[in-house]
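**Student:** Now for the letters of each chain:
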Amino acid sequence: MATRMSDARRTLNQSVRIERRSATLLAAPAVLLLTVFTVVPILFALTLGFTNAQLLSPQAPQFVGLTNFSRLLGVGEVTLHAQRDPQGHIVTAPNGDVVYERLNTYTSINSKYPNLRGKEEWFRFGENRQAGTVNVVVAGDPLFWQSLRNTLFFALVVVPVQGGLGLLLALLVNERIRGRNFFRTIYFIPTLTSMVVISMLWGFMYQPSGMFNKVLQHVIPGFQPIDWLNDTRTAMPAIIVLSIWQAVGYHMIIWLGGLQTIPGEIYEAARVDGANKWHEIRYVTLPGLRHTFVFVLITITIAALGLFTQINVLTQGGPLGTTSTLVYQSVLHGYQRQEIGYGSAISFVFFFMVLGIALFQRFITRRIDQ
Amino acid sequence: MKLLFGLLKYAAAILLTIVFVFPLVFMVMASLKPDYNLLQDVGSIRSFLPVGPISLQNYQGVFDRVPFLRFLFNSLFVATTTTVLGLLVNSMLGFALAVMKWRGKNVVFAMIISTLILPFEVIAIPLLYLMAKLPWISFDGGLHLTQGMFNSYQVQILPFIANAIGIFLFMQYFKTLPKELEESARIDGASWFRIYARIAMPLAGPAIGTVSILTFLPMMNSYLWPIMTIQDESYRPVMVGLQYFYVNWGTAWGQIMAYLTLLTVPVVILFLFMQRFFVGSIAAVGVKG
Chain S
242 MATRMSDARR TLNQSVRIER RSATLLAAPA VLLLTVFTVV PILFALTLGF TNAQLLSPQA
302 PQFVGLTNFS RLLGVGEVTL HAQRDPQGHI VTAPNGDVVY ERLNTYTSIN SKYPNLRGKE
362 EWFRFGENRQ AGTVNVVVAG DPLFWQSLRN TLFFALVVVP VQGGLGLLLA LLVNERIRGR
422 NFFRTIYFIP TLTSMVVISM LWGFMYQPSG MFNKVLQHVI PGFQPIDWLN DTRTAMPAII
482 VLSIWQAVGY HMIIWLGGLQ TIPGEIYEAA RVDGANKWHE IRYVTLPGLR HTFVFVLITI
542 TIAALGLFTQ INVLTQGGPL GTTSTLVYQS VLHGYQRQEI GYGSAISFVF FFMVLGIALF
602 QRFITRRIDQ
Chain F
122 MKLLFGLLKY AAAILLTIVF VFPLVFMVMA SLKPDYNLLQ DVGSIRSFLP VGPISLQNYQ
182 GVFDRVPFLR FLFNSLFVAT TTTVLGLLVN SMLGFALAVM KWRGKNVVFA MIISTLILPF
242 EVIAIPLLYL MAKLPWISFD GGLHLTQGMF NSYQVQILPF IANAIGIFLF MQYFKTLPKE
302 LEESARIDGA SWFRIYARIA MPLAGPAIGT VSILTFLPMM NSYLWPIMTI QDESYRPVMV
362 GLQYFYVNWG TAWGQIMAYL TLLTVPVVIL FLFMQRFFVG SIAAVGVKG
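Sequences listed follow chains S and F, in order. Sequential numbering of the first sequence, starting at 242, is according to our numbering. Sequential numbering of the second sequence, starting at 122, is according to our numbering.
Pulled out of the complex, with its shape left as it was, chain S reads as follows (with noise of 0.2 Å):
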């Protein structure tokens, strides 16, 4: 009896070894790859911006301490004083500007303030005539700053934009409309094509003499063609029209799954209890969709965040450095540049923003959840 009971136990061990055994072997491969190209350069990204990395260079790289980071992230102050002539009196421009010293003054190589060496301006404010100063900003990397900016304004606007319109374009389509499979289809067609493909034909719609300025022509007479990507006003929203237009129709099909789950009873039960339309949409559709919307919240957000192939095709970051994003001044200084250690430097930025956002996003929506 009692050698019978050890064998049933060693056979019991045998078989939990052999299952770790066999499930560590089927994790391996997925695992160790994850950890090579996944992990290895998450930890990169959190240490290469204390270096001096160059991508080709055969040196070994050097720890530079905060070099990187207090020039992406350093910004300082000033306050210019207009110039005076002989009299007293502040000089103007011919146009009525008022002249200001030169910023050169300050920021200088050998300038007498150390904390505002080599930074460049990024914007002035609170210009007081009178008193002739005006503040100015400077900063180690003003367009790290605008391109961090430009970001999440793309972010701020497309999410809730293309999360919302995904919404009622599914509510559209989940109607019974004769031909509601045709329009999905078609609403969704976009979100097949590559962005690079999108970005190069409404490049060509947004030329001056593109086909938006030849509809509004004919619309609004006297109307002034729009070079709409190369104007500092127009750019951004320009980018901004094409991305949700190439990506709605992915979040309706979201959404739909998520209308989709919610029982018709529920909705029977409500029509009962003398709900109308409206009623059924505040009170039955959009609570059963909370889960839904916390994922088409964080899809949205990590996507809009990581902006980069409608820039690089069509605008390059520009005019001025309105269309700049973080992801394509990384690769601006990682790649072109060969700066590993800065481009790290801005990842490292980047990273932290999105986990901040993403636990933010988190909190928030844990509420919702429950």
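By construction, these hints were calculated from the structure, which means they are not laboratory data. Heads up, the beta-carbon is just placed ideally off N, CA and C, and yes, glycines get one too. Misleading hints may appear alongside valid ones.
[Unchecked claim] Pairwise CB distance ranges (calculated): (1) F:I135 / S:H520: 23 to 33 Å; (2) F:R315 / S:R390: 49 to 59 Å; (3) S:S298 / F:G225: 35 to 45 Å.
Assemble chain F onto chain S, guided by the hints.
**Tutor:** For chain F alone, kept in the frame of chain S given last:
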């Protein structure tokens, strides 16, 4: 009132159809016209119609100007290899996570969940550096250990085989399989590998389809990674091949439209045939994610 509302719905649906379709119709029509006529037609209804001197000249021009078929082969090879290898390794890990007990399971699961939300763009530059340093065994008569893998197929394939979304979807799917199947197989003395290969995988059709689409399409459309790692034309994928045309922006529009049409129309046709499958796949991700 109800009738008005109904009409409004149709009006909206038809208007949206035009919004989503007009650039694509224009693209196909423009690809058939000489540059002169193409530009003449812009802004009139003619740009959406096959009118004027229609020919396949632009397509001929694309093939003369760039090695299009080579680019297409490169993309298909990279996308297919990544998809097939990805299906294998991701399903194996998904299976181990879903049905087996092993040490380190929780750590691996946490790793996958945390990489799910990480956009590739965050790690692109550090990964580029890694690829410049990693060794590769090359064969030219003898075996050589070389450093760096730029300008190759493997640099386009290796980083994308293991995929958190793929692993996650397989894991979710294997969890829905009845426990009895696996238990009876264990009693019959089948090994874990046999259960995976002969029971779990043959039942995983829907997951295989979903993961295939979610790997293959993005791989065909990949752009950021190959522009940084591929300078050699013989490994260049089809989306990057378009660079020939936009570095000289504003020239040869007909050929550009022909290139774009060649990239778009096959995918759309494939989609029309496998529509349910595609749409089901994407909806499934939303519901499970």
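**Student:** Evaluate each hint against the coordinates.
**Tutor:** Hint check results:
| no. | hint | verdict |
| --- | --- | --- |
| 1 | F:I135 / S:H520: 23 to 33 Å | holds (28 Å) |
| 2 | F:R315 / S:R390: 49 to 59 Å | holds (57 Å) |
| 3 | S:S298 / F:G225: 35 to 45 Å | holds (37 Å) |
In terms of the numbered hints stated before, the structure departs from none.
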